[in-house]
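Read off the chains here:
There are 2 protein chains.
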Amino acid sequence: MFRSHTCGELRIQDVNKSVTLSGWVQTVRKFGSITFIDLRDRYGITQLLFSETLNEKLEANPLGREFVLQANGVVHERSNKNHNIPTGEIEIFVTDFNILNKSITPPFTIQDDTDGGDDLRMKYRFLDLRRQPVKNNLELRYAVGRSTRNYLHEHNFMDIETPFLIKSTPEGARDFVVPSRMNPGQFYALPQSPQTFKQLLMVSGYDRYYQIVKCFRDEDLRADRQPEFTQIDCEMAFVEQEDILNMFENLIKRIFKDVKNIDYNDAVERMTWEHAMWTYGNDKPDIRFDMNLCNLKFPAHTFPSQKDISSLINGNDFKVFDEAETVIAIAAPGCSEYTRKQTDELTEWVKRPQIGMKGLVYIKCNIDGTFKSSIDKFYSEEKLKNIANAVNAKAGDLIFILAGAEERTRKAASELRLYLGQQLGLRKPDEFKLLWVLDFPLFEYAEEENRWVARHHPFTSPKPSDIHTMINNNPVIENPTEYLKHPYANIKANAYDMVLNGNEIGGGSIRIYQKELQQKMFAALGMDEEEQHHKFGFLLGAFEYGAPPHGGIAFGFDRLCSILGGSESIRDFIAFPKNNSGRDVMIDAPSSIDKKQFEELQIKLDIKA
Amino acid sequence: MFRSHTCGELRIQDVNKSVTLSGWVQTVRKFGSITFIDLRDRYGITQLLFSETLNEKLEANPLGREFVLQANGVVHERSNKNHNIPTGEIEIFVTDFNILNKSITPPFTIQDDTDGGDDLRMKYRFLDLRRQPVKNNLELRYAVGRSTRNYLHEHNFMDIETPFLIKSTPEGARDFVVPSRMNPGQFYALPQSPQTFKQLLMVSGYDRYYQIVKCFRDEDLRADRQPEFTQIDCEMAFVEQEDILNMFENLIKRIFKDVKNIDYNDAVERMTWEHAMWTYGNDKPDIRFDMNLCNLKFPAHTFPSQKDISSLINGNDFKVFDEAETVIAIAAPGCSEYTRKQTDELTEWVKRPQIGMKGLVYIKCNIDGTFKSSIDKFYSEEKLKNIANAVNAKAGDLIFILAGAEERTRKAASELRLYLGQQLGLRKPDEFKLLWVLDFPLFEYAEEENRWVARHHPFTSPKPSDIHTMINNNPVIENPTEYLKHPYANIKANAYDMVLNGNEIGGGSIRIYQKELQQKMFAALGMDEEEQHHKFGFLLGAFEYGAPPHGGIAFGFDRLCSILGGSESIRDFIAFPKNNSGRDVMIDAPSSIDKKQFEELQIKLDIKA
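Top line first, the protein sequences correspond to chains A and B.
Everything in the first sequence is counted per my numbering, starting at 8 for the first residue and increasing by one.
Everything in the second sequence is counted per my numbering, starting at 8 for the first residue and increasing by one.
Pulled out of the complex, with its shape left as it was, chain A reads as follows (with noise of 0.2 Å):
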């Protein structure tokens, strides 16, 4: 027997017991002739007490940092309690010890603020997964799917396996392949998500569905990308978008729950599409705070049932205005007392490649009620008021405005509005704000190929009321230049992102059920028959034989367990994760394979010089 106890067991009650602990060594401080040792586990840290008696058998076997060690002795009461710990009330008299293994020098200190850099800390993965916040990580991660699967059992979905060695139909990212050496010339591919076969699990009568499950993407890596992730991934039959709105929205209360135990008792906040493009720039809004965009100009096709305000900015011989697509103002609260040194930082940032903007202006309303801007020699402050009111500024704001192309201009206020909200202190890392983004819609126009690309998937449903709409026009765009005036550009998707905090958790959507109508999507997307058939005849096939209406979603499980960490890397919440060139350093892959493996699957390199 290893031990009695862990390392984070023992307390007052427990004195004059006779113990066995086993764990590392954390530190070693010798007083006089007696020894200390915190002793680590996985579940603590107890102090060992060596009397001057074992002195002989610690020289002969001395002991350092991460030395696996075993302790036989007795639980007294210490001293000088430590009440940070919750075994700082006792010590364990050693009266002997056994070195269960030696360690070498680590290459950084297992301590919560290590010294190690991430590339090092990467490598020796097996030690960073020591520190006390990496083990936090991810009992946070195990945490969060036993709730899922506590509250998912509950709702009646079942775990089902779904395949990994599947079909390659690439639609969107790569694909993993994995060439079949019982099938030469033929390969596998990993899946991108279980999509389909969740979808035939509900033709086949499931009901309620669910899987926490690996995921494969060949994209270009990012840090908050993994070429493997993880997915929880569910589906409903005989569900409308509202059923699977309260089902999910509870699912993730739950977590809340049972993970970080807030009560999330509020109602979710919901959010059409174009109102989060509309008021804060993007499809993921961070709703703790409001510093709302306003939109001064902007083009009338992508917000046909907006109101232009335009004649606020236009007309005063400010040719940035003027000449902007889009021009979209904030007010920063408080802000109006910024120094010149402050302002131009931020213009700086704005500038920055990553936000890609000429310059910003600033109008500030000082306390007094008058207003001092950088648009001054254009804009009266009269004009200056106006454009105040309109963008909801008050006394004390500093207002911010940008102008440039639609799709830019907008990211950069959606970016603009972020930064500041953060550098306010607006984005509070203990306040937790869902919210359901709604009504996307259903195609994105790619225009070198001059079709229709799904925005979602190619499973998505249109709203019922834009399914006559998809079914009967030809997808087709004749002319390139006014694919705005095609049907398809209107059709809402009835699909739906759940947010937190800014950031997309979860997405999904009701699916197409009907044969015809699925064909539909396929043809918008360009596939002609032959290839709807090679790629998805099983899926048209299943929806010949009873296939019932069903909708699904798919949290990102990485992501999920980063934000209710408070962490902006999903990586710290990965066992082993891949670096940015989807390499593990640890177990330096992936590498070279044998000459015999090319053989036996009959491919070779071809490498480009």
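A few of these clues could be false.
Said to hold, decoys possible - So, partial list: chain A residues that the calculated Cβ filter (under 7 Å) puts toward chain B:
| no. | residue |
| --- | --- |
| 1 | Leu136 |
| 2 | Ser175 |
| 3 | Glu344 |
| 4 | Tyr345 |
Stated by the list, open to error - Output of the computed footprint for chain B on chain A, the stretches with three or more beta carbons under 8 Å from beta carbons of chain B:
| no. | stretch |
| --- | --- |
| 5 | 159 to 173 |
| 6 | 402 to 416 |
| 7 | 576 to 583 |
For the record, the hints were derived by calculation from the structure and aren't laboratory data.
Source: prediction; values computed, not measured.
Even for Gly, the Cβ is constructed at its ideal location relative to N, Cα and C.
Given chain A, work out where chain B should sit, using these hints.
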């Protein structure tokens, strides 16, 4: 809202309620002007009654098998109750209905005893999954998973995900590999098991890990093998073999209770590998029945500690026995009256190529105490009686004797025992008997390469008492013909298999956690230092930084489910299985990939003529 209730929910108490049901049309029966429909969903079947007022609508919208139907109506008490189903006391008096989707005629009937053959059901797996027996299998699978997770959670295990894109280190089975686009010329491998990662987690201090996880092996397939399969994968630190056996026999007992409502209160039997081979002829004996093998003759080097009783048969001029390496007898209880036809059939059975014996000797132990044998001319009745005593045969039994080369004969005796046990009804389908098989040899001898191979895997520790033998001897086999005299031949592994009704459902070991011992193991397997470093440098490195003693086990989840479900085939318990060529015939995978995919991956085909 598509439904107010499911098709398995309504009872006599619900009479007069207005309800809406949705489901699949199981049957349509017309009685005069009234139409009865059985409506089916995941939860059950409810009878719908369409009165003549709906006949016009029914004629305009004819219903067929597997149509998806939504029906509004009122719950009525049935006059003609069906006590075989929970909803059998009521029916729905339909007031209106709505066809949600049509179905063409399914290629086979959606019934417990379907008329569809294997191939057809695989192709239309989404329809086969509608059948109740298949649904029961997947529900059992989900229940086994749920029970496993609950038990392990209660025992402080953490579900930690390990990566799927890892490094190819083929040792034993072939890896599936995945070309890396971002690292041209390099490949990931899909894990054959998370073995090294779970060991790293122990080095990291995670102490109790589990995962229900997909694993991949590119092997030639048999009926009960799939290229992707699921493991219950577990590992613990600071444990000895006894801790693991206790923890995991209780897991299986818990599954018995949760899933089958069986109280398995007996102690789980334990048996050494040598005893299993000696007494049952294989290392996964079915101990639901006795019929132990009697080793009349055997190679002394294989069973050095067993008593030689070959004098019972040798020297009677019966060449078959005299010249055989191995002679094994079994007594079939109560079979002494078997006819010539029956013994001939059994002789043919052992002569089949799968068994490969040259013949079958029998001795009838007649009720009257006399003996009658196929070898009467060589053995006196007295001698037959002595053999019968050795075999522990009673009056009324029939003894079968096999003779030949050791391995083949032992395997044949084992197969014959199982076959007779099956025929005699001794392998009761509702009886479950667990068994631990212990003390396996650590190594097997690979003749072609004149080296050792790990019987379990290269991370399995020898018994503590054998560690010094392993460390202090050169693993190289100087004289191939005398490999049995090498000290490594007698090293026993700290490994254990769990056997259920003659099937290996799980296996594991206490692992090596010392760098020096691990290097010795790799060397024994013929790996030089460079190869060790290339393949397992990360693990050897990890062992330098304080690796704790640890061990674990993995259960074959698919097989465990199939045995609990009373089936021979794991395929019946997998939602979307592959056929014996590794194909998913439903989605038609694997398949060809695009030119663009080859270009991006920088590989090409190299098909042999």
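We went through each hint and held it up to the structure:
1. Leu136: holds, 4 Å
2. Ser175: At about 5 Å, which falls below the 7 Å cut-off, the nearest Cβ of chain B leaves the hint on Ser175/A intact, so it holds.
3. Glu344: violated, 49 Å
4. Tyr345: Tyr345/A check fails; min Cβ-Cβ to chain B is 44 Å, beyond 7 Å.
5. 159 to 173: holds (count 10)
6. 402 to 416: violated (count 0)
7. 576 to 583: holds (count 3)
Violated hints, in rising order: 3, 4, 6; the structure is consistent with all others.
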